[in-house]
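Start from chain A and add chains B, C and D according to the hints.
The listed protein sequences derive, respectively, from chains A, B, C and D. Under the numbering used here, think of the first position of the first sequence as 1, with each following residue one higher. Under the numbering used here, think of the first position of the second sequence as 1, with each following residue one higher. Under the numbering used here, think of the first position of the third sequence as 1, with each following residue one higher. Under the numbering used here, think of the first position of the fourth sequence as 1, with each following residue one higher.
Calculated from the structure, these hints are not laboratory results. Accuracy of the hints is not assured; some may be wrong.
The list makes no distinction among identical chains, and a pair is therefore deemed to hold if it is satisfied within one copy or across any two copies.
Distance condition first, Cα-Cα at most 27 Å in a straight line; then the derived DSSO-like pairs of lysine-lysine [stated by the list, open to error]:
1. 5 / 81
2. 41 / 192
3. 85 / 258
4. 258 / 78
5. 257 / 128
6. 243 / 85
7. 257 / 5
8. 85 / 135
Single-letter residue listing:
4 protein chains.
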Amino acid sequence: MKNIKLTALKDNEKTVVYVGDTTIGDGFCVIAGPCSVENEKQTIETARAVKEAGADMMRGGAFKPRTSPYAFQGLGLKGLKILKKAREETGLPIVTEVIDTRDVPWVCEYADVLQIGARNMQNFSLLKEVGKTRKPILLKRGMNSTIEEWLNCAEYILDGGNPDVILCERGIRTFETYTRNTLDISAVPALKELTHLPVIIDPSHAAGRRSLIQALSLAAVAAGAAGVIVEVHVDPAEAICDKEQTLSPGQFSIMMKKIRVLHEFMADSE
Amino acid sequence: MKNIKLTALKDNEKTVVYVGDTTIGDGFCVIAGPCSVENEKQTIETARAVKEAGADMMRGGAFKPRTSPYAFQGLGLKGLKILKKAREETGLPIVTEVIDTRDVPWVCEYADVLQIGARNMQNFSLLKEVGKTRKPILLKRGMNSTIEEWLNCAEYILDGGNPDVILCERGIRTFETYTRNTLDISAVPALKELTHLPVIIDPSHAAGRRSLIQALSLAAVAAGAAGVIVEVHVDPAEAICDKEQTLSPGQFSIMMKKIRVLHEFMADSE
Amino acid sequence: MKNIKLTALKDNEKTVVYVGDTTIGDGFCVIAGPCSVENEKQTIETARAVKEAGADMMRGGAFKPRTSPYAFQGLGLKGLKILKKAREETGLPIVTEVIDTRDVPWVCEYADVLQIGARNMQNFSLLKEVGKTRKPILLKRGMNSTIEEWLNCAEYILDGGNPDVILCERGIRTFETYTRNTLDISAVPALKELTHLPVIIDPSHAAGRRSLIQALSLAAVAAGAAGVIVEVHVDPAEAICDKEQTLSPGQFSIMMKKIRVLHEFMADSE
Amino acid sequence: MKNIKLTALKDNEKTVVYVGDTTIGDGFCVIAGPCSVENEKQTIETARAVKEAGADMMRGGAFKPRTSPYAFQGLGLKGLKILKKAREETGLPIVTEVIDTRDVPWVCEYADVLQIGARNMQNFSLLKEVGKTRKPILLKRGMNSTIEEWLNCAEYILDGGNPDVILCERGIRTFETYTRNTLDISAVPALKELTHLPVIIDPSHAAGRRSLIQALSLAAVAAGAAGVIVEVHVDPAEAICDKEQTLSPGQFSIMMKKIRVLHEFMADSE
Numbered sequence: 001m002k003n004i005k006l007t008a009l010k011d012n013e014k015t016v017v018y019v020g021d022t023t024i025g026d027g028f029c030v031i032a033g034p035c036s037v038e039n040e041k042q043t044i045e046t047a048r049a050v051k052e053a054g055a056d057m058m059r060g061g062a063f064k065p066r067t068s069p070y071a072f073q074g075l076g077l078k079g080l081k082i083l084k085k086a087r088e089e090t091g092l093p094i095v096t097e098v099i100d101t102r103d104v105p106w107v108c109e110y111a112d113v114l115q116i117g118a119r120n121m122q123n124f125s126l127l128k129e130v131g132k133t134r135k136p137i138l139l140k141r142g143m144n145s146t147i148e149e150w151l152n153c154a155e156y157i158l159d160g161g162n163p164d165v166i167l168c169e170r171g172i173r174t175f176e177t178y179t180r181n182t183l184d185i186s187a188v189p190a191l192k193e194l195t196h197l198p199v200i201i202d203p204s205h206a207a208g209r210r211s212l213i214q215a216l217s218l219a220a221v222a223a224g225a226a227g228v229i230v231e232v233h234v235d236p237a238e239a240i241c242d243k244e245q246t247l248s249p250g251q252f253s254i255m256m257k258k259i260r261v262l263h264e265f266m267a268d269s270e
Numbered sequence: 001m002k003n004i005k006l007t008a009l010k011d012n013e014k015t016v017v018y019v020g021d022t023t024i025g026d027g028f029c030v031i032a033g034p035c036s037v038e039n040e041k042q043t044i045e046t047a048r049a050v051k052e053a054g055a056d057m058m059r060g061g062a063f064k065p066r067t068s069p070y071a072f073q074g075l076g077l078k079g080l081k082i083l084k085k086a087r088e089e090t091g092l093p094i095v096t097e098v099i100d101t102r103d104v105p106w107v108c109e110y111a112d113v114l115q116i117g118a119r120n121m122q123n124f125s126l127l128k129e130v131g132k133t134r135k136p137i138l139l140k141r142g143m144n145s146t147i148e149e150w151l152n153c154a155e156y157i158l159d160g161g162n163p164d165v166i167l168c169e170r171g172i173r174t175f176e177t178y179t180r181n182t183l184d185i186s187a188v189p190a191l192k193e194l195t196h197l198p199v200i201i202d203p204s205h206a207a208g209r210r211s212l213i214q215a216l217s218l219a220a221v222a223a224g225a226a227g228v229i230v231e232v233h234v235d236p237a238e239a240i241c242d243k244e245q246t247l248s249p250g251q252f253s254i255m256m257k258k259i260r261v262l263h264e265f266m267a268d269s270e
Numbered sequence: 001m002k003n004i005k006l007t008a009l010k011d012n013e014k015t016v017v018y019v020g021d022t023t024i025g026d027g028f029c030v031i032a033g034p035c036s037v038e039n040e041k042q043t044i045e046t047a048r049a050v051k052e053a054g055a056d057m058m059r060g061g062a063f064k065p066r067t068s069p070y071a072f073q074g075l076g077l078k079g080l081k082i083l084k085k086a087r088e089e090t091g092l093p094i095v096t097e098v099i100d101t102r103d104v105p106w107v108c109e110y111a112d113v114l115q116i117g118a119r120n121m122q123n124f125s126l127l128k129e130v131g132k133t134r135k136p137i138l139l140k141r142g143m144n145s146t147i148e149e150w151l152n153c154a155e156y157i158l159d160g161g162n163p164d165v166i167l168c169e170r171g172i173r174t175f176e177t178y179t180r181n182t183l184d185i186s187a188v189p190a191l192k193e194l195t196h197l198p199v200i201i202d203p204s205h206a207a208g209r210r211s212l213i214q215a216l217s218l219a220a221v222a223a224g225a226a227g228v229i230v231e232v233h234v235d236p237a238e239a240i241c242d243k244e245q246t247l248s249p250g251q252f253s254i255m256m257k258k259i260r261v262l263h264e265f266m267a268d269s270e
Numbered sequence: 001m002k003n004i005k006l007t008a009l010k011d012n013e014k015t016v017v018y019v020g021d022t023t024i025g026d027g028f029c030v031i032a033g034p035c036s037v038e039n040e041k042q043t044i045e046t047a048r049a050v051k052e053a054g055a056d057m058m059r060g061g062a063f064k065p066r067t068s069p070y071a072f073q074g075l076g077l078k079g080l081k082i083l084k085k086a087r088e089e090t091g092l093p094i095v096t097e098v099i100d101t102r103d104v105p106w107v108c109e110y111a112d113v114l115q116i117g118a119r120n121m122q123n124f125s126l127l128k129e130v131g132k133t134r135k136p137i138l139l140k141r142g143m144n145s146t147i148e149e150w151l152n153c154a155e156y157i158l159d160g161g162n163p164d165v166i167l168c169e170r171g172i173r174t175f176e177t178y179t180r181n182t183l184d185i186s187a188v189p190a191l192k193e194l195t196h197l198p199v200i201i202d203p204s205h206a207a208g209r210r211s212l213i214q215a216l217s218l219a220a221v222a223a224g225a226a227g228v229i230v231e232v233h234v235d236p237a238e239a240i241c242d243k244e245q246t247l248s249p250g251q252f253s254i255m256m257k258k259i260r261v262l263h264e265f266m267a268d269s270e
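Extracted from the complex, chain A is given alone in its bound form (with noise of 0.2 Å):
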C-alpha cells in the first residue's frame, strides 16, 4: 500500500453492517439467490428455499450487465417489484446491483443492499453516488483489480458519507480456465490486516463451476471471511444465467449446514 491515508485503513473498530435484522461483519453472513429475477414465481421459491435452508439475505439481479447487447439485460422496475415481494414473503434482506447513476434513487426504494459489480467498481461516477444514499453497499471487485485500488473504491463511497461498504472478492481474472476467474483467497487475510471493513466471497463467480462452490465456501469459513454470496436457483437447468455455477436448493442446504457447523467451530477455537 501507498503511503496514504484512507479512512478505510484507519485504525478503526471492525465496521459491523446492519441490514435489517441481520448483520453482517459479525459472525458469517450467507446471502444467496438467482443470478437473474426471472419471473415472480422463480424468485419467490428460490426467496422461499435459501431462507428455510438459512440463508441471512437473498440476492438477485433487475438490472444486469451482460457481455453482449443482445443477451437478456433483466426485468428492471418489474424485477425490483418482485424482490419487494420476497423479501415480504420470506422477511430476507435483498442485495440487488444498481448500474446507472440515474437509478441509485429510486433503487433504494426497493433494495436493501445495493451492489456495485465487478465491471463497474472503477465506475466513479456510481460510486459517489451511492456514497449519497444510507444504503449498504455490496463492492464487489474489480476482475483485473488490485487490492490497493479496490480500497481506494471502498474509499470513494465512505468519502461521501456512507460507511457501509462491504468488500465482495469473486475471482480475479488470470490464464487459468478451468476455472471462470481464480478465487484470491488470500485477499480475506489480507485484508482483515488492512481494512475495518467486513469482506466476503463469491464463490459461485470466481469458480463458474457448481462442483467447486462447497469447498470454496468452507475455506472462505476457514480464512475469516465474514460471509458468502452465492448463486442459488430453483431450477439450475432452467435459469437463463449462469447456470453452470448455480445450486439448487438442495445443494444450497447441504452446504448450509457444512457451513454453519464450520463456523461455530471457528469461533469457538479462536
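Same frame as chain A, now just chains B, C and D:
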C-alpha cells in the same frame, strides 16, 4: 470468436469515421494533447503546439477517472469550455471522455469525439447512452478485456444506432512491471481481420514511459493501425497527471515527422 | 480438459504416497523447514523445532534456483549431508529439490521425496529422469501453468513408471502485488475431481507474507487439501532466503495446533 | 530494475553476435525454419526455400519440449544430423534448442546457435552449462517472466564467460485467448534502453496464427528489433507441430521482401 452475428463483425466495407475536416480509418490519424485540462493557458498552448507539429485532433480530459477520490478529478464544464476555445484557436476537433450517463447530452455540445475510458468499457448503461448520440465514439479497451468482449461493447454502441466507433488499444494488465501495461500490438492485425471498425493505439497509457512512445507509435504504423492517441503537455514536468508518459512538444514534433514518413512509405509499398 | 487419456486422470483409487512412516493422501500432511540449508546448526535446530511442533516431514533446499546468478545458490552435497543428519536426529523424512538431470541419481541417496520446483515444472528432461526413480516426487505447479499443463507434467513422471506424484499448488503469477503470488485455492477441489493424485498447498511462496500463512493453511484444510508445505526457520530474521514469508518455530507451533484440530473436525463431520 | 550491477546492463557498446558469415545486432536478422525436424526431405526443402527467400539462418528443433509426454518429442541426434546436412546444402547457420545439461557438449557439434526455450528460461543448471560453451545463445523469454528476470537469466550465461546472448521475445501469457500469447512489443525498446544485448522477436509463437505474422514482423522492424525468428514449413498443412502458425515458403517470401525494404527505409531515415 463465438458463433455470434455482430454488426461489428459483418463483412462490411471498412468504416471511415468523419470528424470535422479529418477522418479515422483512412490514412493515419494522430490525436494528441494533455491527459487533463488543467487551465486555459496550458491547454491552448498545448493545442497550438500539437497543431503545429501536425496532429489531426486534440485530446484532453475534463472528467478524470482517478484511482483515489482525493486525486484531481478534472475541471468538468469549465474544462470543456477551455477545450472549445482550443478548437476555435486551432481548428482541431476535440476528443474528450464522458464518464456518467447524465453528462452525455451536454458533453456532446463541446466534444467532437466522445471517449469511453478503459475503466468504463463495460459500463453498459454508458455505452447505450452514447449509442443514442450522433458523435463518433472512441472506445478504449478495458485493461482486462478480451478482444471478444471489446467487440461486444462496440456492438452496444452500434446497436444503439451509432455507426461511428473507433477502437483504441491502450495496453492490457499483465505481470510485467517495467511498463505500466502491456501494449497488445497483435490486437491491430487481429481486429483488422475481425471487424470493419478502425483501430488506433494509445502508446502513452500502454507504456507509461516517455522513452518508449516513439518506438511503439512506429510499430503501430507498421502493424497497420489507423492512428495513435498520445499524451503531450506544454510542460510535462508540471503535468498534474501522467507526467512520466507525457511528451514535450519538441519530442512530439520529432515523432510526428517519423510517423508521417513511415506511414507514407507503408502506404506506397502496399 | 482436452479429451486425452492420462494415467493421472484415470478413475483409479485415490493415490496414497508412503514416505517412511508417514503418508500423503490420507490424513493431512505437514511438511516444514527452512527455504535453504544454511548450516548444520540452523538446520538441525529447525528440524527439532518442527518435529516437536508436530510436522510430518522436513523440507530444506540444497540446490536453490535463484533469479540472480549472484545470489546464494545452496550448499549442494554438503547441504544434503546436513539434511541426512537432520533426519537421523528427528526421524523426519526429507523433501528436497533437484534441479539437474545429472544430479538425480545421487540426490536420491539423501532425499526421501524429490521436489521439482515451479521453474522446472516443464523441464521435461528432468521429469523423465525423476520418473525413472522410485522416490515420491513433489511436483510444484509452474507459476504460469494451467491445471491441464500441470497434470501433463505429472503424466511425464507416471509414464516413466513412478506412480508417486504429489501435486503442490504454490501460487500463480497475476497482476496483484500485495501478495508474492496468488494462491489458487480452487485448484484443490478442481484437482480432487480430476485426478487420484494428492494435492497439497504451499502458502509460504503463494503469499510471500508471514501474516497470511495461517489463514491460508486453514483454508487449505477446509478446501480438502492433503497437506501443506511451509517455510519455518529457527531465526527468520537471519534467514538467507524468503525471510518475509518464514514462520518462527513459535508461530508454526500455534498454527500446527489449529491445523490439527480443524482437520480432525473436518474429518469427523464428513 | 532493482539496483543491481549486471554485466547485461553495463554501459557497453552494443553487442554484435557473429554467426558464420552473418551477424545479429547489426542490421536485421531473419531466422526461419520448421518447428521440428521431421525428416530429411522436409528439412532440406524448407532450408532451400528459406535460403532462397533471403533468410539469414535456419531454425529447427531436434529436441521438442511438449506439453504431453505422448506428443512427438523430436528426432534427437538423427534430427541434428539432418540439420547439419541442411547447413551443408544452403550455408545457413543452424539455430536449435538444447533442453538437458547432459546434451550441451555434443549438441554444440551440430548447432551454430543454441536455443534456450521459454520453458527452460529459468533452468539455471542449463544456463550455467551453456554459459561454459563458446556458442551464441538465443535465450527465449519465459512466458511468465518479467524483463528483469529475463536479464538475470542472460546474466547467468554472461557470468559463465559466454558474451554472445541474443534475447528473444516470444509472447507472454495473458488472459487474451484470440492469440496464443501476447507479443510484448514494448520489450524491444525497453531492452534497447536497458541492455547492450540484441533483441529479436518470435511472432509465430506469440500470435499462434499465421495471418498475424507479417504485421507483427513489420512492427518489430519499426520498433527497432534486431531480427525475427519465424516458423516456415515446406507444407504447413502437414507439419507435426504448430501448423496454425507456420508460414508456407510463398508467404514467407512475400514477407521477407516487405521486411527488407522496411528495414532499409528505417535504417536510412535514422
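Hints, one by one, checked against the model:
1. When the C-alpha separation of residue 5 and residue 81 is checked against a cutoff of 27 Å, the pair qualifies neither within a copy, at 41 Å, nor between copies, at 34 Å.
2. Within a single copy, residue 41 and residue 192 get their C-alpha atoms no closer than 39 Å, and across copies no closer than 37 Å, so neither meets the 27 Å cut-off.
3. With identical chains, the CA atoms of residue 85 and residue 258 are never at most 27 Å apart, being 29 Å at best within one copy and 44 Å at best between copies.
4. In the homo-oligomer, the alpha carbons of residue 258 and residue 78 never lie at most 27 Å apart, since the shortest distance is 35 Å inside one protomer and 49 Å across protomers.
5. Taking the shortest Cα distances, residue 257 and residue 128 never come within 27 Å of each other, neither inside one copy (38 Å) nor across copies (43 Å).
6. Proximity of residue 243 and residue 85 under a CA criterion of 27 Å is satisfied intra-copy only: 24 Å inside one chain copy versus 53 Å between copies.
7. In this assembly of identical chains, residue 257 and residue 5 lie within 27 Å of each other by CA distance neither inside one copy nor across copies; the values are 41 Å within and 37 Å between.
8. In this assembly of identical chains, the alpha carbons of residue 85 and residue 135 lie at most 27 Å apart only when taken from the same copy (19 Å versus 42 Å across copies).
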